[in-house]
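Could you build all of it, start to finish, from the sequences and the hints given here?
If you read the protein sequences in the order shown, they are chains A and B.
Just so we're aligned: the first sequence equals residues 1 to 115 in this note's numbering.
Just so we're aligned: the second sequence equals residues 1 to 112 in this note's numbering.
Since the hints were derived computationally from the structure, they do not count as laboratory data.
There could be a bad hint or two in this list.
Claimed, not checked - 35 Å max Cα-Cα, derived DSBU-like pairs, lysine-lysine: (1) Lys78(A) x Lys77(B); (2) Lys24(A) x Lys56(B); (3) Lys77(B) x Lys52(B); (4) Lys52(B) x Lys24(A).
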Amino acid sequence: DAGVIQSPRHEVTEMGQEVTLRCKPISGHNSLFWYRQTMMRGLELLIYFNNNVPIDDSGMPEDRFSAKMPNASFSTLKIQPSEPRDSAVYFCASSGTSGGYNEQFFGPGTRLTVL
Amino acid sequence: GNSVTQMEGPVTLSEEAFLTINCTYTATGYPSLFWYVQYPGEGLQLLLKATKADDKGSNKGFEATYRKETTSFHLEKGSVQVSDSAVYFCALKTGGSYIPTFGRGTSLIVHP
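In structure tokens, the structure reads:
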């Protein structure tokens with residue numbers, strides 16, 4: 001099992017540019033989560049999908065952030081336009097059973113730096 | 001709502017010392033409890049879990065017991081190694097919620 005796959009692992013961009021982060025969850029998992037981690041704010045949940053449908057996006061900071069899950073094996077998180085305060089590590093995680101007691105499986109993260 | 005409180009770090013220990021990281025929680029409903037570990041430059045990974053009161057989760061020498069009466073799930077290890085240096089997150093999940101609740105994490109630094 002390859003685990004959760006994220007790309008790119010590192011992204012450096014300039015303020016105002018569009019950034020797209022990608023995630024491939026573990027095959028068979030039907031729940032997908034996007035998190036952001038910073039020293040100041042810790043681990044924050046941005047959005048949660050169940051069966052490819054966004055269920056809770058209350059953690060998305062503002063309209064500059066958007067997420068999609070066009071199929072069970074792929075999700076994107078887009079920031080447009082990016083700002084320096086978006087610099088963080090972004091994690092994707094998947095889980096096997098929504099509403100159950102299963103643990104989450106995290107990807108290795110994408111370290112985003114916005115100059 | 002649900003919440004998890006962890007002791008603030010960093011916790012700094014010498015190799016072979018005894019480790020305790022405290023975790024307490026509040027939950028609506030009957031939660032499952034988890035400890036995740038994040039090594040430098042990596043994502044979180046499950047360390048251990050317990051799904052009902054008095055259960056003990058264990059893995060890699062770490063243990064935690066689900067204490068319903070004190071709403072706690074403290075992480076312990078008898079003899080830490082330098083390789084245990086990481087950030088440890090306590091978390092809970094209730095059956096009625098799709099989303100787990102994480103603590104803020106406790107950094108552990110182990111010196112040789």
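Violations among the numbered hints, reported as their numbers in ascending order: Of the numbered hints, just 1 does not hold.
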